[in-house]
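2 protein chains.
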Amino acid sequence: MTLHPDVDTAVALACDAADAWAGSDGLRRAALLDRLAEALENDRPALVALADSETHLGAARLNGELDRTCFQLRGFASLARDGGFYGRIDDPAVAGPPPAGRPDLTRVRVPLGPVAMFSASNFPFAFSVLGGDTASALAAGCPVVVKGHPAHIGLSRRVHQLAQGVLRSLELPEGLIGHIDLDTHAAGLELVAHPGIQAVAFTGSLAGGQALGRQAQARSQPIPFYGELGSVNPVVVLPEALEADRGSLAKTLAASITQGSGQFCTSPGLLMMLDSLDARALVGQLAVEIDQIGLHRMLSERIHQGYVQGVAALKRHPEVRTLTSAASTEGAGNGFVGLVSAAAFLADQALRHEVFGAACVCVLATSLDELCAVLAAVGGSLTTTLLGADGGGERDRRVFRIAQKISGRVLFQGMPTGVAVTHAQHHGGPWPASTQPLFTSVGFTASDRFLRPVALQDAPLWLMERCGVPV
Amino acid sequence: MTLHPDVDTAVALACDAADAWAGSDGLRRAALLDRLAEALENDRPALVALADSETHLGAARLNGELDRTCFQLRGFASLARDGGFYGRIDDPAVAGPPPAGRPDLTRVRVPLGPVAMFSASNFPFAFSVLGGDTASALAAGCPVVVKGHPAHIGLSRRVHQLAQGVLRSLELPEGLIGHIDLDTHAAGLELVAHPGIQAVAFTGSLAGGQALGRQAQARSQPIPFYGELGSVNPVVVLPEALEADRGSLAKTLAASITQGSGQFCTSPGLLMMLDSLDARALVGQLAVEIDQIGLHRMLSERIHQGYVQGVAALKRHPEVRTLTSAASTEGAGNGFVGLVSAAAFLADQALRHEVFGAACVCVLATSLDELCAVLAAVGGSLTTTLLGADGGGERDRRVFRIAQKISGRVLFQGMPTGVAVTHAQHHGGPWPASTQPLFTSVGFTASDRFLRPVALQDAPLWLMERCGVPV
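So the protein sequences, as listed, match chains A and B. Going by this note's numbering, the first sequence opens with residue 39, and the numbers climb by one from there. Going by this note's numbering, the second sequence opens with residue 39, and the numbers climb by one from there.
Fair warning: there could be bad hints in the mix.
Remember, identical chains collapse to one label, so a pair may be satisfied in a single copy or spanning two.
[Said to hold, decoys possible] Capping the alpha-carbon separation at 25 angstroms, the derived lysine to any residue pairs in SDA-like fashion look like this:
1. 353 / 50
2. 289 / 135
3. 289 / 133
4. 289 / 142
5. 353 / 496
6. 353 / 47
7. 289 / 61
8. 353 / 469
9. 353 / 223
10. 289 / 209
11. 353 / 417
12. 289 / 134
13. 289 / 379
Just so you know, these hints were derived from the structure itself, not from any lab.
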C-alpha cells in the first residue's frame, strides 16, 4: 500500500510526540485538555455558525454539543489529574513456594501509542477533532491523528487550528493532535495500515467500519479497532406504560425519533408492543405527531439519499403499512412511521436493519413470546428502552434479560437519545453496535480503550517512586 | 460449514446452561469452583501419573501445576463470592440540563455467554479442562466448551469426568463444562464458528491461533478471540548484573531455559548484553551449564520436530556460533545456546522467531544504541527481564521504556518462567504475544475477558435490589 504523504507526515509527527506524552504526568495532560475546552468556548460564535452552515443541525443543538464537548474535555482533565487511569494494583511479595508464594508485582497501565480517530458525520464537535475519542486518548497518554469528516471539514480545519494554537502556547508538539484533510476512502485505509498507528476509534457506517476493521486485522501487527457501526435502538412499550398519559408518550417518542432529523446513533428505529387498542392508538398518535414535525436538512446528500431509499423500501414492503402521510420531497423531508406484525417482522431480516434518519417501524406482537422473539431478533444494539417494566414480575425479568443480552444500555425511563457523559455510562453493545462490546466510546471509562496493562515484577525503587507515571 | 455433531451437541448444552448460570449468584459459582479444586486434589495420584505418562513433564512439576490449578480455582471462587466481577459503578441522577444534568445510571458487567477454550499442550492442568481460562470464565458466569489437547487427551477425559461428577452432585447442568474429544483442526474451526459461542480463549501456536482468530472474525457476528501465540522473552543483562556472582547467574539462566524442556510460554529465548569479557564469559558458562542438563522428552513428536528443525536452522545460520556441544539425538536431546552479533541479529528477521524448546540465542551489542535496537526489534513478548537496572540512571530508563513497549511483564529480578497468580499479574503483551494485549490469561483480572458492561438507566427498585446479580 502506498501512503499519501499527508498521512505519513501526520503519523510520523504523532510517533515523534508519543514517548514524551506517554511520560507526561496527569497535571500536564489536564492542562492541555482544559485549555482545549477554553479555546472552543472562546471561539463559540464562529464555531457554531460554521458548524451550522455545514451540518444544518441548528444553533441550539450545536451550542449544546459544544457544551458537552467542553464538559468531556474537562472531565477527562479531572481524571488525568487524579491519576486514576494508571489502574495501579499492588501485590506485595509473599514468602514461600508457589502458588501462594510470589514475587512483588505491581500492575500499571501504559498508553498504546498514536490513535487514528475517524470523525463522525453526525457530531461535528462531540465525535470529531476534539471530541470524546480525542479527549479520552489524550488523557490516556496517546497522540491522535484525526481524519476529518467531509460533511464538516471546514469546522474540522478551524478546530484543528485552534488546537494547534493551544499546543504551541503550552510548548507541546504539533503531532499530539494531527488532522488529515483528504476526502477519500483510501486515505482512511492508509491511516489504519500505517505501522505507527496503534489503535483506531471510528463512528460511522457498517460498511465503512467493516472495511477499516479488516484493514486493522490485516496489518503485520494487528491493532484494536473500536468501531460503532450502527444501532436500531428498540423501544418496548409494555401495557402499563400505555395506561399512563399516551398523548405525552407519543410526543416524547416523536421528538426523540425526529431529533436532529433522526441522525443520532441512539435514535429509536423500532417500537414494539403487545397488540391492543391502546397500542394501535399510540402508533396512530405517533404518526400524527411526526407528520407535524418539519425536519431540517440532513448532514449530507449521501446520508439523505440513504434515508430516502430506506424509507422507500419500507413503503414498498408488502407487509409494512405506512402511517405517516407526508411525502419526502427535499432535504430530509419528513419522518416516517410504519406498522408491521411481529410475524412479518420475524420473517424478513431486512426489517431489522437501521434506516439512518427519522424512520421508526412499529411492531405489534400477539403474545409475550412473540414480543420476546422480536426483541431477540434485533441483535446487537447500543440501547434498549423498556417502558412500563417497573413491577418486576416474571414478564419484566424476561424482557429485561433479552434487552441486556442485545444491548449496551437499558433504559427504564425517557428516551435513548441524549447520552450522559459519566463514569457509569456505556455506549457500546453487541456487534454491530460495537466491534468491541467490552469497551465504551462515551463516558469516562472510554480511556480504557487506549491503555494496556504491564506487570512490574520486583521493580526497583526508582521506578516505583514514579509509578504510574511512565519514566 | 458443516458442524460435527459432537461440536453442535456440546455448544447446544452450553447454551442451555448459559442463562441460569449468568443468573447464579457468587456463592453458587464459588461452590462449584471450590468443589472442582477438591475433586482434582482427591484424585491427585492418578491424575499426576496419567499426566506424566502423556506429557513426560515429571511428577514434581505436575504436582506443582495441579497445586497451582487448585489455587486458581479457589482464587476465582473467592472473587466470585465477593461479587467484585460485577464492577458496579453508580452515578446518581443530577438535576438540571445536560451535560452536567443526567439520569440515574448504574453500570454492571454481564457474562458474554458460552466460551470456547482450547487446551494448551504444555500445561495439562493449568491451561486445560479446569485451568485458568475455565476458572475465570465460570467465575464470570460463562459456560465453557473445552477442546481437549491431543497431547494429553486421556487426562482431559478423566478431568472432564471428574468435573461432570461435581456438576451432578451440585445439580448443575452438564453443559456448564463441555469437552470436545476430536483431534482435527476442523473441529476447532467449527467450535469457533458455532453461533452459540461468544468468546474464545486459546494458548498455542502462531499459525493455529491466526487461523482460529480469522474464523472468529469471519462469523456473521464476530466475537473476541483471546489468543496467546508465542513469545521469545528477552533477558537483558546489564553490566552491573555481570559484576555479581556470574556462576550463579549462569546456573539460574540455564535452569530457566531448560525447565520443562523449554516448553514454557515464558521460557527465555534471547539473552542480550553489551559486549565485554564478562559478557562472553557468562555466555560460555551458560553453554557449559546447559550441556550438563539432560532434558526430558518433549510433549509430542510434532513439538519435538519443531524444536529439532529450529535448532538445526540456528546451527546452519552463517552468523550464529553454536556454543553448546551436545548433539540432539532422541527425545528433546539437549538445550542449545548460540551466539550472534547485534548487527547480524538486526539483519535477519528469522532470528527473532521463537524456537519452542530449550534454545537460547545470545546477542552481543557494541553500544547501548545497538542494545536498544535489538530489544526494540524483538516485538511483542509476554515478558522482558532487565537484570542490573536498579540504579535508575538514563540508561536504565531508556531500556525500561523499550521493555515496557514490547512486553506485558517487565522483571527486574529472577527469571520469567513461573507466573504468579495474583491480581497484579499480567500475562499478555503486544501482538503476537497476545491477540488482545489489553487482557490477561493469568491472574485474577482474567475474568475481564468474559464480562461486558451494561449501563442501566433509571433502573427500577426490583432490579437495583439484585444488582449486580442478573435477573
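**OP:** May I ask which of the numbered hints given earlier this structure violates, with the numbers listed in increasing order?
**Re:** 1, 5, 6, 7, 8, 9, 10
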